[in-house]
Amino acid sequence: MAIIEINNIEKTYNPSKVPVHALRGVDLQIKKGEFTAIVGPSGSGKTTLLNIIGGLDSPTTGQIIINGQDISKLSDNNMIDFRKENIGFVFQAYNLIPVLTALENVEFIMVLQKKDKKARQERAKELLTAVGLADKLDKRPSELSGGQQQRVAVARALASKPAFILADEPTANLDSTSTAGLLDMMAKMNEEEGMTFVFSTHDQRVIDRARRVVTLVDGKIESDIYNG
Amino acid sequence: MLFQIAWRNIWRSKLRSMIVIGSVLLGVWALTFLMSFNRSLINGYIDDAIRYQTSHIQIHLPEFVEDREVAFLLPDGEKLFESLKEEETTAAISLRTSLSGMIKSPRAAQGITITGVMPSYEKEITRLDEKILEGTFLDGSKRNQIMVSQKLAEKLKLKLRKKVQLQFQDVNGEFTGATFRVVGIYKTGNTVFDLSNILVNRKDLNRLLGKKDASHEIALLLKDKQQLDVVKQKITADHPNLLIEDYKEISPDVKLYEQQIGVSLAIFGTIFMLALIFGIINTMLMAVLERNREIGMLMAVGMNKLRVFGMIVMETLLLGMIGAPIGLFLGFLTVSYFGEHGINLGAFAEGAERFGIQTVIKTDLDTNVYLIIMFGVLITALIASIYPSFKAIKLKPVEAIRKI
Numbered sequence: 001m002a003i004i005e006i007n008n009i010e011k012t013y014n015p016s017k018v019p020v021h022a023l024r025g026v027d028l029q030i031k032k033g034e035f036t037a038i039v040g041p042s043g044s045g046k047t048t049l050l051n052i053i054g055g056l057d058s059p060t061t062g063q064i065i066i067n068g069q070d071i072s073k074l075s076d077n078n079m080i081d082f083r084k085e086n087i088g089f090v091f092q093a094y095n096l097i098p099v100l101t102a103l104e105n106v107e108f109i110m111v112l113q114k115k116d117k118k119a120r121q122e123r124a125k126e127l128l129t130a131v132g133l134a135d136k137l138d139k140r141p142s143e144l145s146g147g148q149q150q151r152v153a154v155a156r157a158l159a160s161k162p163a164f165i166l167a168d169e170p171t172a173n174l175d176s177t178s179t180a181g182l183l184d185m186m187a188k189m190n191e192e193e194g195m196t197f198v199f200s201t202h203d204q205r206v207i208d209r210a211r212r213v214v215t216l217v218d219g220k221i222e223s224d225i226y227n228g
Numbered sequence: 001m002l003f004q005i006a007w008r009n010i011w012r013s014k015l016r017s018m019i020v021i022g023s024v025l026l027g028v029w030a031l032t033f034l035m036s037f038n039r040s041l042i043n044g045y046i047d048d049a050i051r052y053q054t055s056h057i058q059i060h061l062p063e064f065v066e067d068r069e070v071a072f073l074l075p076d077g078e079k080l081f082e083s084l085k086e087e088e089t090t091a092a093i094s095l096r097t098s099l100s101g102m103i104k105s106p107r108a109a110q111g112i113t114i115t116g117v118m119p120s121y122e123k124e125i126t127r128l129d130e131k132i133l134e135g136t137f138l139d140g141s142k143r144n145q146i147m148v149s150q151k152l153a154e155k156l157k158l159k160l161r162k163k164v165q166l167q168f169q170d171v172n173g174e175f176t177g178a179t180f181r182v183v184g185i186y187k188t189g190n191t192v193f194d195l196s197n198i199l200v201n202r203k204d205l206n207r208l209l210g211k212k213d214a215s216h217e218i219a220l221l222l223k224d225k226q227q228l229d230v231v232k233q234k235i236t237a238d239h240p241n242l243l244i245e246d247y248k249e250i251s252p253d254v255k256l257y258e259q260q261i262g263v264s265l266a267i268f269g270t271i272f273m274l275a276l277i278f279g280i281i282n283t284m285l286m287a288v289l290e291r292n293r294e295i296g297m298l299m300a301v302g303m304n305k306l307r308v309f310g311m312i313v314m315e316t317l318l319l320g321m322i323g324a325p326i327g328l329f330l331g332f333l334t335v336s337y338f339g340e341h342g343i344n345l346g347a348f349a350e351g352a353e354r355f356g357i358q359t360v361i362k363t364d365l366d367t368n369v370y371l372i373i374m375f376g377v378l379i380t381a382l383i384a385s386i387y388p389s390f391k392a393i394k395l396k397p398v399e400a401i402r403k404i
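From first to last, the protein sequence lines stand for chains A and B. Okay, so the first sequence: first residue is 1 according to this note's numbering, each after it adds one. Okay, so the second sequence: first residue is 1 according to this note's numbering, each after it adds one.
Treat the hints with care, as some may be off.
Derived DEER-like restraints, expressed as beta-carbon distance ranges [to be verified]: (1) A/188 with B/293: 25 to 31 Å; (2) B/226 with A/77: 52 to 58 Å; (3) A/18 with B/34: 21 to 27 Å; (4) B/30 with A/119: 20 to 26 Å; (5) B/7 with A/139: 16 to 22 Å; (6) A/175 with B/278: 33 to 39 Å; (7) B/274 with A/98: 19 to 25 Å; (8) A/77 with B/263: 22 to 28 Å; (9) A/145 with B/378: 55 to 61 Å; (10) A/18 with B/7: 57 to 63 Å.
Source of the hints: derived by calculation from the structure; they are not laboratory data. Note that CB positions come from ideal geometry on N, CA and C, so glycine has one too.
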């Protein structure tokens, strides 16, 4: 069964003034354990598509089913709760909480899930160790490099045990070494733990590592290719 | 962790937070001091009025209050005086003969209220013996002693041991008078009282009036002001033919001033709260707008609106509540210092005296006023937090972070 099921999604901005058709009838299914990159030129609609998959934006028409639940009709607060339990986010600009340490940043999502302190600290340490930051637990984001911050962001995304992780251009601000390290780490989690990743990216290095590449052009899926 | 985030967030922009905290601190300090000064000023006026003019309770024949005729004597005044003296609630009591007359010195003359007192009891009420600048209090060792204020002495060109003439009507309506010798010159600090009152021995005055046991007034000072209504009601019930008045009835201006303490508290408090509200809203709004992206991210990853609202409210409360206790403590120290050493009104002293206001203000403030101020700051911060918090939860995560 698909974790993400998108049925004939359309998204139009400014429908009453100057309509901008960001998505024009997109159908897409992503199964558990996939490592998918959504690619396309600027303005192709990949960010809109990711926003809709992440429940941050709603489609003008069409249906989106995550983990068997139609999220198109959820209220704002129910949507926030849904995101908390089901979706892990990795942002291009890392977006860590600057006043919290790496450990606290990873713990934070579990605080929202009301997990007890001991359990969440153990998991946060475990995840930060898995992303290679066991020695940076007490560092604040400003004391970490871009690559390290993005690793913390990945650990945070994984902390809530989501159904899948959405990553928006996760390597856009990273150098080659950091990009390679981050991709290795995410690929390992995908292979070993079966975690589903969906990226939007321009980065050829990410595209090369993706096992499925969905290309969007002018709000439509132009190609959907599985790499081995 | 929400508290941790809120606490650390307020120190992200140290300067901005310190400005708000400093404003709260200074505002609370100023408010505390201002309230205390105003309260002490008014209380000083009220205490003086009670001490020198009204006491807590005065007892007269109703006709005497209407028309201060010498013939309107208290029936069995001495007996009533003796019985009230024994009451548990009585702190001090004085039996007085009071009449209007003329005081004449070789240089000048003026109308005056002549009060005949029993010196040992009177001292306990007015404590005028502590206000004597020259000479002594009335002691009754010699006939026809008189005490005048410094102001009156200056006006009539009187000096210690000089003689003055008093003229008044006796109980039969006949003019009478005698020569009195100045034994003491006092200064209460209340010009109104000082210029219109003189004190003589009651037995001298009664002899001249032709009635040994004459009395017009009983002045009663209570151990506890809170007992005022109970005591007044009891005396009224026991003596329905007499007029029993408390200080608020005798001197409505005292009542007005007493009410003014509460009014001024409300006015100062409201001005302070309004200024604080706008200051805090401005700061918190800046903090929220600057963190649009971060707040959007928090909502994106699963922080619901209630928690976001709570976080901004908590930050605002922390901002308010850091400065308030320090301001209160500084206020307490200032009030304590000036409570001990007093604030000399200096250049304004003469003007203040004319209005019956003490020239040295010893500040004092009830504990509950400190609590009211603290509570006021809490409420203010709470009100001020509402708009920025709403602004924060109105953010759409997708717009705040632009794209995931």
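Hints, verified against the model:
no.: 1; hint: A/188 with B/293: 25 to 31 Å; verdict: holds (30 Å)
no.: 2; hint: B/226 with A/77: 52 to 58 Å; verdict: holds (54 Å)
no.: 3; hint: A/18 with B/34: 21 to 27 Å; verdict: violated (59 Å)
no.: 4; hint: B/30 with A/119: 20 to 26 Å; verdict: violated (50 Å)
no.: 5; hint: B/7 with A/139: 16 to 22 Å; verdict: holds (19 Å)
no.: 6; hint: A/175 with B/278: 33 to 39 Å; verdict: violated (47 Å)
no.: 7; hint: B/274 with A/98: 19 to 25 Å; verdict: violated (33 Å)
no.: 8; hint: A/77 with B/263: 22 to 28 Å; verdict: violated (46 Å)
no.: 9; hint: A/145 with B/378: 55 to 61 Å; verdict: violated (43 Å)
no.: 10; hint: A/18 with B/7: 57 to 63 Å; verdict: violated (46 Å)
When held up to the earlier numbered hints, the structure conflicts with 3, 4, 6, 7, 8, 9 and 10 and fits the remainder.
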